[in-house]
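Those protein sequences? They're chains S and C, same order as listed.
Note that the first sequence covers residues 1 to 294 in my numbering.
Note that the second sequence covers residues 1 to 250 in my numbering.
It is worth saying that the hints were derived from the structure and are not from the lab.
Check the hints yourself; a few may be wrong.
Restraint ranges, calculated between C-beta atoms of paired labels, are given here [unchecked claim]:
hint : chain 1 : residue 1 : chain 2 : residue 2 : range
1    : C       : Ser145    : S       : Glu151    : 49 to 55 Å
2    : S       : Ser242    : C       : Gln146    : 44 to 50 Å
3    : C       : Gln146    : S       : Val273    : 38 to 44 Å
4    : C       : Pro74     : S       : Pro113    : 52 to 58 Å
5    : C       : Gly23     : S       : Val273    : 56 to 62 Å
6    : S       : Pro113    : C       : Val164    : 41 to 47 Å
7    : S       : Pro223    : C       : Gly207    : 47 to 53 Å
8    : C       : Val164    : S       : Pro223    : 40 to 46 Å
9    : S       : Leu70     : C       : Pro74     : 56 to 62 Å
10   : S       : Ile14     : C       : Asp22     : 56 to 62 Å
11   : C       : Ile73     : S       : Lys204    : 17 to 23 Å
For every residue, glycine included, the Cβ atom is placed at its ideal position computed from N, Cα and C.
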Amino acid sequence: MKKKKTKITPLDLIVSALILAAAVYLGYRIKVGLHYKWNWQAIPQYLYRYDQESGKWVANLIMQGLFTTLRLSIWGTVLATILGTIMGLCRISQSLFYRLLGRSYVELIRNMPPLVLIFIFYYFVSGQIMPVLGLNEFILAQSETTQRLCELLFAPPSFLSAFFSALVTLAIFEGAYIAEIVRAGIQSIDKGQWEAAHALGLSKWQQMRYIILPQAVQRILPPLAGQFISLIKDSSIVSVISIQELTFQGMELMATTYLTFEIWITITLLYLVMTFTCSLAVQRLEVRMARGRA
Amino acid sequence: MQGKELGDYIIEVERIRKTFPDGVQALYDFSTRIRRSEVVVVIGPSGAGKSTFLRCLNGLEDFDSGTITIDGIPLDDNKENRFEIRKEVGMVFQLFNLFPHMTVLENVNLAQMLVRKKNHDEATKVTMSLLEKVGIPDKAQSYPSQLSGGQQQRVAIARALAMVPKVMLFDEATSALDPEMIGEVLDVMKTLAQEGMTMVVVTHEMGFAREVGDRVIFMDEGRTVEEGSVEQIFSNPQKERTRQFIGQIL
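Using the sequences and the hints given, assemble the complete structure.
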């Protein structure tokens, strides 16, 4: 098949010119209106700094924030997917109890501002449940290697309970949306597929595992990718409970350096790198899964 | 069929009733008994309850009252019994319902491995001989979407046969096919009938009914209007309603 040639029409030129003009005007306003002095040279030191003591380059505020955001996003995605899948299955269960459970969860979480959810969880989970679990004492009693590993995977021991509250909140919040995606994906599979599997003597679980889920996953992937990207971005709300992730570090830095534009542009780019990587990864996965079928 | 010996009753249906949640009464005190190796053709206008009857036989549809017994096992609330019956009753659907994410081989292997607990090699051996039987051994590695409708339906028959069922149900198995593909599927069904498979066939293919049907049940409004030998129903129907229907389709 021949590829269609990209053709630039006069309209494209006009639109491009307008966008360019808007950008130039914005730059002009920043320079003249705000008397803004750009100072990009200051930014790299907040990414990495040279540690005099150890004689090594170490991550500074922004990169530390990025790593925390990455940890939150990755674990959040894993937890939210597990929770969302279970709740999605509950939503279509034959048992009224499970259906009610799934429905209540989804409706409750979807109709609540995430910020409120965060506060509830922070003060409740972090304040009441974590001490009961004794997580902090447990970690502090471990060997140094374990503590290091914990720091690498989650957070330094002193921040651990706040980190877990944030993680649980994010997972519960995003899980509600994933539950709906999973439910819709499963319900979109033709009834005949269930019936054929039933007639062959497969158990309910086998029908789900071998027939329905493999087909549903393919349909679920694109909306799921959107949800993962949302999760990365939504992770910024946990900055309100002092989780030192990317947005939190940005606000801290801005308060001390006043490099407003430089810092937020840098942080925007870092978010973009994360979300775009996520998009690309899912796109490749989709292509790979589609290859099996003609 | 000349000279075919029919055995004892393998399917016994006693006065089953089924009303759908929307109030439509699909089956009304429907009863019938089917012998081993018998080929029963069920005909009737749409909405007569033919498909519902078929779907009740393997537990795809629950019925409100009455009893169904298949090879001595009652189809009741007992899970073991229901599982046993699902294993022993094969079904072929109007729209094939092959699993699109699996190759033909995997489609036919699946239930053998999961339900009959065969290993991959044993299952593949059975599958290849069945594909040979339905005439498409070269399509084992194809995906359903790469096959014609007729080929897909033949795979669906092979898939059901792989479970070595005692009864095969055909729910308008040729209705969704292009005319030139109907023959190839009917041929497979005829072979099965000649081999002594017990078959319940909902169809509009009167040629098939005449050739291999042992008995015809004419249904309307959830009950049997008339039943008898093929010759009797087609050439000399007793009831006015039957005459009317036969007149329309022949």
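Quick rundown of the hints versus the structure:
Between serine 145(C) and glutamate 151(S) the beta carbon distance is about 50 Å. The supplied range of 49 to 55 Å therefore holds. For the pair serine 242(S) and glutamine 146(C), the supplied restraint of 44 to 50 Å is violated, since their beta-carbon distance comes to about 58 Å. Separated by about 41 Å at the C-beta atoms, glutamine 146(C) and valine 273(S) satisfy the suggested range of 38 to 44 Å. For the pair proline 74(C) and proline 113(S), the beta carbons lie near 56 Å from each other, so the given range of 52 to 58 Å is met.
Between glycine 23(C) and valine 273(S) the Cβ separation comes to about 59 Å, which falls inside the hinted range of 56 to 62 Å. A C-beta distance of roughly 59 Å is found between proline 113(S) and valine 164(C), which places it outside the suggested range of 41 to 47 Å. One distance hint, 47 to 53 Å for the beta-carbon pair proline 223(S) and glycine 207(C), holds here, with the actual separation near 49 Å. In this structure the supplied range 40 to 46 Å holds for valine 164(C) paired with proline 223(S), their Cβ-Cβ distance being about 42 Å.
At roughly 59 Å, the beta carbons of leucine 70(S) and proline 74(C) sit within the given window of 56 to 62 Å. Checking the proposed 56 to 62 Å range against isoleucine 14(S) and aspartate 22(C) shows it holds: the Cβ atoms sit about 58 Å from each other. With their beta carbons about 20 Å apart, isoleucine 73(C) and lysine 204(S) fall inside the hinted range of 17 to 23 Å.
Of the numbered hints listed earlier, those contradicted by the structure are 2 and 6.
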